[in-house]
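Note that our numbering has the sequence shown beginning at 1, numbered continuously upward.
Treat the hints with care, as some may be off.
Claimed, not checked - 30 Å max Cα-Cα, derived DSS-like pairs, lysine-lysine: (1) Lys211 to Lys322; (2) Lys342 to Lys266; (3) Lys53 to Lys342; (4) Lys186 to Lys119; (5) Lys119 to Lys266.
Hints were generated in silico from the structure; no laboratory data involved.
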Amino acid sequence: MRYLTAGESHGPKITGIVEGVPAGLELSEDDIALHLARRQKGYGRGGRMAFEKDRAEISSGVRFGKTTGAPIAMQMPNRAYEKDDAGWPKVMNKEGDGADVDPITVPRPGHADLIGIQKYRYNDIRPSIERSSARETAIRVACCFPARKLLKHFGIEIGGHVIRIGSSGYEKPWEDVRNLVDPMLKDGAETVFKAADESPVRCLDEELTQKMRDEIIVRRKEGSSLGGHYEVVVTGLPAGLGSFVHWDRKLEGQLAQVIMGTQAMKGVEIGLGFEAGRRHGQEVHDEITYEDGNYRRGSNRLGGLEGGVTTGMPLIIRGVMKPIPTMLTPIKTVDIETKEEKDTRYERSDVCALPRAVVVIENVIAPVLANAFLDKFGGDSIEEIEERYQAR
Numbered sequence: 001m002r003y004l005t006a007g008e009s010h011g012p013k014i015t016g017i018v019e020g021v022p023a024g025l026e027l028s029e030d031d032i033a034l035h036l037a038r039r040q041k042g043y044g045r046g047g048r049m050a051f052e053k054d055r056a057e058i059s060s061g062v063r064f065g066k067t068t069g070a071p072i073a074m075q076m077p078n079r080a081y082e083k084d085d086a087g088w089p090k091v092m093n094k095e096g097d098g099a100d101v102d103p104i105t106v107p108r109p110g111h112a113d114l115i116g117i118q119k120y121r122y123n124d125i126r127p128s129i130e131r132s133s134a135r136e137t138a139i140r141v142a143c144c145f146p147a148r149k150l151l152k153h154f155g156i157e158i159g160g161h162v163i164r165i166g167s168s169g170y171e172k173p174w175e176d177v178r179n180l181v182d183p184m185l186k187d188g189a190e191t192v193f194k195a196a197d198e199s200p201v202r203c204l205d206e207e208l209t210q211k212m213r214d215e216i217i218v219r220r221k222e223g224s225s226l227g228g229h230y231e232v233v234v235t236g237l238p239a240g241l242g243s244f245v246h247w248d249r250k251l252e253g254q255l256a257q258v259i260m261g262t263q264a265m266k267g268v269e270i271g272l273g274f275e276a277g278r279r280h281g282q283e284v285h286d287e288i289t290y291e292d293g294n295y296r297r298g299s300n301r302l303g304g305l306e307g308g309v310t311t312g313m314p315l316i317i318r319g320v321m322k323p324i325p326t327m328l329t330p331i332k333t334v335d336i337e338t339k340e341e342k343d344t345r346y347e348r349s350d351v352c353a354l355p356r357a358v359v360v361i362e363n364v365i366a367p368v369l370a371n372a373f374l375d376k377f378g379g380d381s382i383e384e385i386e387e388r389y390q391a392r
């Protein structure tokens with residue numbers, strides 16, 4: 001299962017094509033809309049969310065509410081482009097020579113503005129801005145949803161929540177979160193995201209929710225931005241998905257790639273992750289027991305993966321998102337045309353996009369897990385996969 005996306009942040013539409021989805025999976029635009037709506041919520045978002053109402057329109061690969069096995073094509077019209085309140089049809093026109101369009105020449109530190117010019121030799125930063133924008137994650141959520149739906153069909157659930165925004169977070173980020181989250185997992189990981197969605201910052205702790213909101217307010221007044229840490233858990237994964245026989249088949253590596261390939265992500269860990277380097281072996285490795293004909297682990301500090309393969313325990317992934325580089329209070333940069341020092345310009349943006357980004361991460365990991373599942377139990381249709389899965 002794989003997908004490609006195309007389109008620009010302020011272009012007329014963004015497009016996605018998903019290949020490899022088995023036939024017979026129930027799929028509708030309303031299904032996808034649920035997670036697109038979740039992606040648009042979260043305290044700290046910018047004004048653009050007021051008129052971005054994302055909906056993926058399926059144009060192929062689905063018949064009578066079920067996938068056909070053919071590639072699934074989706075398009076997501078850009079309502080902001082249609083409003084034309086910033087001249088986007090002109091500056092993003094696919095025709096003409098752009099002679100009447102004033103180029104943007106002041107790159108933002110931390111964004112792809114300058115490196116896009118250095119790599120592709122643009123004379124205008126706009127192409128870098130448009131394609132590298134986090135706006136692309138909207139169609140990515142849509143493209144990844146069929147994989148998430150496939151996993152859910154077989155009892156595998158995904159849920160995420162925020163554990164830190166700026167300086168506000170859990171005092172003991174492993175123990176405190178485990179005590180809070182692990183009891184919820186007996187009902188599946190979706191209980192986590194449903195509970196987190198009740199918080200404006202997607203934090204499961206009410207007191208921390210308020211602290212995170214307060215910090216966002218402070219940084220908004222300062223004209224700055226915030227990042228933070230998040231956790232995504234997956235339940236229902238059978239043991240034995242993935243492989244240790246080649247480096248590129250290890251699930252840790254595949255999961256890290258899709259997470260780090262998401263805008264503004266700067267780190268990822270599985271289970272204890274970096275904390276494991278500060279503890280000795282007895283405090284890191286999960287003891288093995290044998291009960292009722294099954295191998296079990298007395299803890300889950302390695303986060304459900306050993307040697308690149310699922311253990312049957314919940315998968316625990318954590319990551320860090322940097323602060324957004326677009327800020328009201330400027331920082332120093334250089335005009336690429338004059339080479340003179342300049343202050344960064346402001347574009348409408350979020351103060352903190354982490355609550356929204358959690359939804360993106362929930363979805364981008366789904367194709368990795370679905371492909372590992374299909375490697376072991378795969379077939380060309382849901383019916384065939386069910387037969388193989390039940391016979392395991």
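Compare the structure with the hints numbered earlier in the document and write down the numbers of the violated ones, lowest to highest.
-> 3, 4
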